[in-house]
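2 protein chains.
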Amino acid sequence: MLEIVSQNRCFGGAQFVYRHVSRETGTPMRFAAFVPPQAERERRPVLWYLSGLTCTEENVTVKGGAQRVAAELGLIFIAPDTSPRGEGVPGDPQNAYDFGLGAGFYVDATEPPYDKNYHMRSYIETELPGIIEANLPADMSRQGITGHSMGGHGAITIALRNPGRFRSVSAFAPIASPIHCPWGQKALTGYLGADQAGWRAYDSCALIDDGHRVGRLLVDQGGADTFLTTQLKPELLAAACERSGIPLTLRMQEGYDHSYYFIATFIEDHLRYHAAAMA
Amino acid sequence: MLEIVSQNRCFGGAQFVYRHVSRETGTPMRFAAFVPPQAERERRPVLWYLSGLTCTEENVTVKGGAQRVAAELGLIFIAPDTSPRGEGVPGDPQNAYDFGLGAGFYVDATEPPYDKNYHMRSYIETELPGIIEANLPADMSRQGITGHSMGGHGAITIALRNPGRFRSVSAFAPIASPIHCPWGQKALTGYLGADQAGWRAYDSCALIDDGHRVGRLLVDQGGADTFLTTQLKPELLAAACERSGIPLTLRMQEGYDHSYYFIATFIEDHLRYHAAAMA
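In order, the protein sequence lines correspond to chains X and Y.
First residue of the first sequence? That's -18 in my numbering, and the numbers climb one at a time after it.
First residue of the second sequence? That's -18 in my numbering, and the numbers climb one at a time after it.
It should be emphasised that the hints constitute simulated quantities derived from the structure, not laboratory data.
A couple of the hints might just be wrong.
Since the list gives no way to pick out one identical chain from another, each pair is judged satisfied if it fits inside one copy or across any two copies.
What the hints assert, rightly or not - Pairs of lysine to any residue residues, derived as SDA-like cross-links and limited to a Cα-Cα distance of at most 20 Å, are as follows:
1) 44 <-> -2
2) 44 <-> 240
3) 167 <-> 35
4) 167 <-> 223
5) 44 <-> -3
6) 167 <-> 91
7) 44 <-> 247
8) 167 <-> 225
9) 44 <-> -13
10) 44 <-> 110
Next comes chain X alone, as it looks inside the complex (with noise of 0.2 Å):
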């Protein structure tokens, strides 16, 4: 049962905030949609947003612009919440902001107490598009799936996990390498314990490495990002598509941060790169 939290008319379509109890996390999970007016006539593609680490569906909902694009492409916007949440699903024991509540990092968890509620991977891969062919009026053989930083890394390890159901993958400020960086370190053994060799099917670089494959990626990273060099290293992605064959086409955005300013900017651009792939 799908529960409508909000509707609100937007650049003549409806952006929508959706409420569900979901199988995988066994807690209510909240998404946004926007649907653009083509959506009154036909099915519509599908542009999947994975967020980043503190964010819920509400981010790039209200601060990305996307839906004056997507109104003018006809896709459909479906933007997540990045964690379950609610009583009884266990954070981060310091509460810290990159573990446990806003920071699923898109994996499903086998160490407890997480591997009750953080199934983010079925969630976003199996349970999630279920519900949106079943309620709205989206053609499933046409999605694109891009990301922000923690959900770059879940947008791209998606793609490369589930070929030919993509047309088209992208990312902005993407974790390029979780094992490879603190953020992912944490939350990788959070979730999955210290056995590294259980972490390569969430990580960008090890899945291309293990041979598996998109047909070309697109990726903005701001050259003023914080985060950078010390988490977020696209010099690994670069090197991994190098040495695979895959066309990756990395713009360094000189003087752009990581935050939705960056992301805003350059969103048009990447709903143009993602709806050209799916026409």
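Once you have looked at the hints, place chain Y on chain X.
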């Protein structure tokens, strides 16, 4: 002294949030300023945006989507806060959202205890323009003004009281006549006292009937706005413009509500309207 709270590269320009101690309010005040890329070479026109109840300088800055068009058109986009804030600043005795903090109504209060800090008229009309002229690459001979709801009331009344200062005036869902709606009656009673003679300087329709004029006026109003008939009453503004010969373009936007989704949808039209007048 103007202190930079934050600075983010955005659409080739820069989104600033500034803080300064205000002579008028006796408190620290924040305002947001988007400076377009063209301002690196020459002083640029200024568009003021006055926000509505509950808002700070942040709402339109993160939700309005004005920067993209302001960058294209070369406009400096200024978003002030809506009231004084901080220790010792009196709020609404009942902690309501429609008086006191976040609800300055762009008046100079005369009633204690509000008369000490609530000088939003003088702050916006006199103090802040001086700060902007002194510190930003602004061409103050080319200014336009707009706003939302309470800030639409602010924009129209400030333009009416300052003939010749603004090349262009517009509003999103403005309170047309504070004298004739519960929000306005509560605010004007609280800030100015029960004598309604003093209210006329803060009422678009009364100012027009008392002989004040603007060249023309653009207003967008959502048809599904829950405040339309109880608080906003655009028909009162339409009648005053009709009586006085002010050319009013009042666009009723079917299905749109009072939210920033409505503003984001139509803000491009307003920026182009102002830029054409300031060319």
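Now the hints, each set against the structure:
1. Within a single copy, residue 44 and residue -2 get their C-alpha atoms as close as 15 Å, and across copies as close as 16 Å, so both meet the 20 Å cut-off.
2. Taking CA atoms no more than 20 Å apart as the test, residue 44 paired with residue 240 passes in both settings, with 10 Å inside one copy and 13 Å between copies.
3. With identical chains, the CA atoms of residue 167 and residue 35 are at most 20 Å apart within one copy only, with a shortest distance of 15 Å there and 39 Å across copies.
4. With identical chains, the CA atoms of residue 167 and residue 223 are never at most 20 Å apart, being 28 Å at best within one copy and 66 Å at best between copies.
5. For the identical chains of this complex, residue 44 and residue -3 are neighbours both inside a copy (15 Å) and across copies (16 Å), given an alpha-carbon limit of 20 Å.
6. With identical chains, the CA atoms of residue 167 and residue 91 are at most 20 Å apart within one copy only, with a shortest distance of 14 Å there and 57 Å across copies.
7. When the C-alpha separation of residue 44 and residue 247 is checked against a cutoff of 20 Å, the pair qualifies both within a copy, at 12 Å, and between copies, at 16 Å.
8. Proximity of residue 167 and residue 225 under a CA criterion of 20 Å is satisfied in neither setting, with 28 Å inside one chain copy and 68 Å between copies.
9. In this assembly of identical chains, residue 44 and residue -13 lie within 20 Å of each other by CA distance both inside one copy and across copies; the values are 17 Å within and 17 Å between.
10. When the C-alpha separation of residue 44 and residue 110 is checked against a cutoff of 20 Å, the pair qualifies neither within a copy, at 24 Å, nor between copies, at 28 Å.
Against the hints set out earlier in the document, violations occur for numbers 4, 8, 10.
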